[in-house]
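Q: Residue-level listing of the chains:
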Amino acid sequence: MSGRPLDVLEANLGDGVAVRLKDGATYTGELGGYDQHLNVVLEPAGGDSEPSAGEDEATETVESTTIIRGDNVVSITP
Amino acid sequence: MSGRPLDVLEANLGDGVAVRLKDGATYTGELGGYDQHLNVVLEPAGGDSEPSAGEDEATETVESTTIIRGDNVVSITP
Amino acid sequence: MSGRPLDVLEANLGDGVAVRLKDGATYTGELGGYDQHLNVVLEPAGGDSEPSAGEDEATETVESTTIIRGDNVVSITP
Amino acid sequence: MSGRPLDVLEANLGDGVAVRLKDGATYTGELGGYDQHLNVVLEPAGGDSEPSAGEDEATETVESTTIIRGDNVVSITP
Amino acid sequence: MSGRPLDVLEANLGDGVAVRLKDGATYTGELGGYDQHLNVVLEPAGGDSEPSAGEDEATETVESTTIIRGDNVVSITP
Amino acid sequence: MSGRPLDVLEANLGDGVAVRLKDGATYTGELGGYDQHLNVVLEPAGGDSEPSAGEDEATETVESTTIIRGDNVVSITP
Amino acid sequence: MSGRPLDVLEANLGDGVAVRLKDGATYTGELGGYDQHLNVVLEPAGGDSEPSAGEDEATETVESTTIIRGDNVVSITP
Numbered sequence: 001m002s003g004r005p006l007d008v009l010e011a012n013l014g015d016g017v018a019v020r021l022k023d024g025a026t027y028t029g030e031l032g033g034y035d036q037h038l039n040v041v042l043e044p045a046g047g048d049s050e051p052s053a054g055e056d057e058a059t060e061t062v063e064s065t066t067i068i069r070g071d072n073v074v075s076i077t078p
Numbered sequence: 001m002s003g004r005p006l007d008v009l010e011a012n013l014g015d016g017v018a019v020r021l022k023d024g025a026t027y028t029g030e031l032g033g034y035d036q037h038l039n040v041v042l043e044p045a046g047g048d049s050e051p052s053a054g055e056d057e058a059t060e061t062v063e064s065t066t067i068i069r070g071d072n073v074v075s076i077t078p
Numbered sequence: 001m002s003g004r005p006l007d008v009l010e011a012n013l014g015d016g017v018a019v020r021l022k023d024g025a026t027y028t029g030e031l032g033g034y035d036q037h038l039n040v041v042l043e044p045a046g047g048d049s050e051p052s053a054g055e056d057e058a059t060e061t062v063e064s065t066t067i068i069r070g071d072n073v074v075s076i077t078p
Numbered sequence: 001m002s003g004r005p006l007d008v009l010e011a012n013l014g015d016g017v018a019v020r021l022k023d024g025a026t027y028t029g030e031l032g033g034y035d036q037h038l039n040v041v042l043e044p045a046g047g048d049s050e051p052s053a054g055e056d057e058a059t060e061t062v063e064s065t066t067i068i069r070g071d072n073v074v075s076i077t078p
Numbered sequence: 001m002s003g004r005p006l007d008v009l010e011a012n013l014g015d016g017v018a019v020r021l022k023d024g025a026t027y028t029g030e031l032g033g034y035d036q037h038l039n040v041v042l043e044p045a046g047g048d049s050e051p052s053a054g055e056d057e058a059t060e061t062v063e064s065t066t067i068i069r070g071d072n073v074v075s076i077t078p
Numbered sequence: 001m002s003g004r005p006l007d008v009l010e011a012n013l014g015d016g017v018a019v020r021l022k023d024g025a026t027y028t029g030e031l032g033g034y035d036q037h038l039n040v041v042l043e044p045a046g047g048d049s050e051p052s053a054g055e056d057e058a059t060e061t062v063e064s065t066t067i068i069r070g071d072n073v074v075s076i077t078p
Numbered sequence: 001m002s003g004r005p006l007d008v009l010e011a012n013l014g015d016g017v018a019v020r021l022k023d024g025a026t027y028t029g030e031l032g033g034y035d036q037h038l039n040v041v042l043e044p045a046g047g048d049s050e051p052s053a054g055e056d057e058a059t060e061t062v063e064s065t066t067i068i069r070g071d072n073v074v075s076i077t078p
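Protein chains in written order, with UniProt numbering: chain V, 1 to 78; chain S, 1 to 78; chain E, 1 to 78; chain C, 1 to 78; chain W, 1 to 78; chain L, 1 to 78; chain Z, 1 to 78.
Please note that a few of the clues may not be correct.
In silico BS3-like links for lysine-lysine, alpha-carbon gap of 30 Å or less [said to hold, decoys possible]:
(1) S:Lys22 <-> C:Lys22
(2) C:Lys22 <-> L:Lys22
(3) L:Lys22 <-> S:Lys22
(4) S:Lys22 <-> Z:Lys22
(5) E:Lys22 <-> S:Lys22
(6) V:Lys22 <-> E:Lys22
(7) W:Lys22 <-> S:Lys22
(8) L:Lys22 <-> Z:Lys22
(9) W:Lys22 <-> V:Lys22
(10) V:Lys22 <-> L:Lys22
(11) Z:Lys22 <-> E:Lys22
(12) V:Lys22 <-> Z:Lys22
Please keep in mind that the hints were generated in silico from the structure rather than gathered at the bench.
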């Protein structure tokens with residue numbers, strides 16, 4: 001067992017994650033922060049982290065720090 | 001009687017579950033965690049658990065730890 | 001008078017209910033549990049309970065324990 | 001002046017009401033209960049109560065106790 | 001300045017108002033009550049109050065006491 | 001820096017504002033009041049205030065006091 | 001790691017940001033303020049700040065102070 005949702009986010013701070021949104025887009029980047037609403041902060045990857053989710057045409061790697069409001073999120077894959 | 005919704009989730013930690021989303025997709029995996037919003041953590045199945053829900057073309061077995069935000073969830077079937 | 005919504009659910013624990021969802025589907029089963037958000041747990045009927053709502057093509061009798069998130073629910077008919 | 005919304009519901013417990021939903025349907029029945037979210041319980045009318053709202057093709061008189069989740073409700077007419 | 005939204009409603013209790021809903025309909029009537037969610041109670045006008053909003057084909061004057069759930073409301077015009 | 005959203009509203013009480021709604025409409029008027037949900041009260045302009053937002057065909061200047069429920073609001077421009 | 005979402009906003013007060021909305025529009029301006037709902041205040045840029053997000057045809061630089069209600073926001077890019 002991996003723990004509660006926020007525990008999983010805490011354990012993945014600084015690691016690459018893929019955030020899938022309700023509009024179909026997926027953002028990938030380094031998990032810079034989060035809060036209890038699942039608002040997340042993504043940062044450009046440092047180069048050595050690789051999100052495990054498959055990248056397809058609707059996936060965008062963030063080029064600068066990006067705050068995503070939690071109510072848009074479908075799933076977060078560390 | 002099986003108990004309240006969160007009790008049922010607690011009793012199924014580590015077991016295979018199928019999570020049906022509002023967009024029609026179903027994710028299956030091992031229930032790694034959850035919280036009071038029905039945010040859930042799915043993990044790749046260890047091999048010996050089998051969700052009971054029928055698998056069809058819109059069902060995806062998670063390949064890595066996946067946090068699903070609760071407001072997307074229609075149903076969870078242990 | 002039948003009482004407040006949660007009182008009606010409490011009185012019907014273990015009995016057959018039909019849960020109609022916003023997506024048009026109706027799930028029937030034994031009411032295994034509920035909480036204040038109207039999240040409900042349905043279980044396969046034991047054989048002697050029969051929901052009173054009419055069954056049509058969009059009605060599905062649950063084959064295993066199913067947690068339904070309350071915000072999908074339109075109505076619950078004991 | 002008739003009072004606050006919950007006061008009006010309280011004053012109409014046991015009386016016939018029409019509940020119009022966001023999906024266009026209208027349910028009529030006897031008001032069996034309610035709570036602060038405007039979740040309501042409708043019961044088959046005892047025979048002597050008559051909701052004042054006009055009945056049209058999308059109006060359904062409940063045939064058994066029905067809990068309606070408040071977030072589907074547009075209006076309630078005693 | 002007219003005051004906070006609930007103050008404006010309080011000042012208009014018993015007066016004619018027009019309530020515009022998200023589905024495009026507008027209900028007019030006498031403001032019988034309200035609460036902090038902007039749930040409102042409309043009553044048939046006593047005859048001497050006249051809502052100031054223009055009446056068009058989608059406007060309906062309530063013929064009996066009507067509770068409108070606040071989350072349907074776009075605007076209220078005393 | 002202009003301050004938090006509610007501070008900006010407070011500072012503009014009595015001044016002309018344009019309120020853009022999710023349905024595409026824009027209402028202009030004098031800001032008569034507001035609350036923490038961004039419910040706002042617009043009043044007919046006194047004549048000397050002029051909202052800065054461009055007026056186009058979907059813009060309506062309120063002709064009487066209008067309460068707008070906050071969950072319809074996209075933006076408010078003093 | 002960059003910190004929690006509100007910390008990132010706090011650190012960017014007075015700097016240029018791009019706010020992407022659910023309706024597809026993107027507003028750019030100087031971050032004048034924010035609150036815990038991710039309601040934000042944008043102000044016309046002073047001239048020396050430049051949001052990092054790409055500007056395309058759906059991007060609008062605010063010409064006057066603009067309050068954006070948080071529930072419309074998809075992402076904020078400092």
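Q: Are the Cα atoms of Lys22 of chain E and Lys22 of chain S separated by 30 Å or less?
A: Holds: Lys22 of chain E and Lys22 of chain S sit about 10 Å apart, inside 30 Å.
Q: Compare the distance between the alpha carbons of Lys22 of chain L and Lys22 of chain Z with 30 Å, and conclude whether the hinted pair is satisfied.
A: holds (10 Å)
Q: Does Lys22 of chain S pair with Lys22 of chain Z here, judged by a C-alpha cut-off of 30 Å?
A: holds (18 Å)
Q: Taking 30 Å as the top limit, are the C-alpha atoms of Lys22 of chain W and Lys22 of chain S close enough?
A: holds (22 Å)
Q: Take the C-alpha atoms of Lys22 of chain S and Lys22 of chain C, compute the straight-line distance between them, and say whether it is at most 30 Å.
A: Holds, because 18 Å separates the two Cα atoms, which is no more than 30 Å.
Q: Does Lys22 of chain E lie within 30 Å of Lys22 of chain Z when you go C-alpha to C-alpha?
A: holds (22 Å)
Q: For the pair supplied as a hint, Lys22 of chain V and Lys22 of chain Z, confirm whether the alpha-carbon distance does not exceed 30 Å.
A: holds (10 Å)
Q: Straight-line Cα separation of Lys22 of chain V and Lys22 of chain E no greater than 30 Å?
A: holds (18 Å)
Q: Are Lys22 of chain V and Lys22 of chain L close enough, with their CA atoms no more than 30 Å apart?
A: holds (18 Å)
Q: So if I understand the rule, the pair passes when the alpha-carbon distance is 30 Å or less; does Lys22 of chain C with Lys22 of chain L pass?
A: holds (18 Å)
Q: Given the hint that Lys22 of chain L pairs with Lys22 of chain S, test it: the Cα-Cα distance must not exceed 30 Å.
A: Cα-Cα ~22 Å, so holds.
Q: Quick one, are Lys22 of chain W and Lys22 of chain V close enough, alpha carbons at most 30 Å?
A: Holds, because 22 Å separates the two Cα atoms, which is no more than 30 Å.
Hint compliance for this structure: every hint is met.
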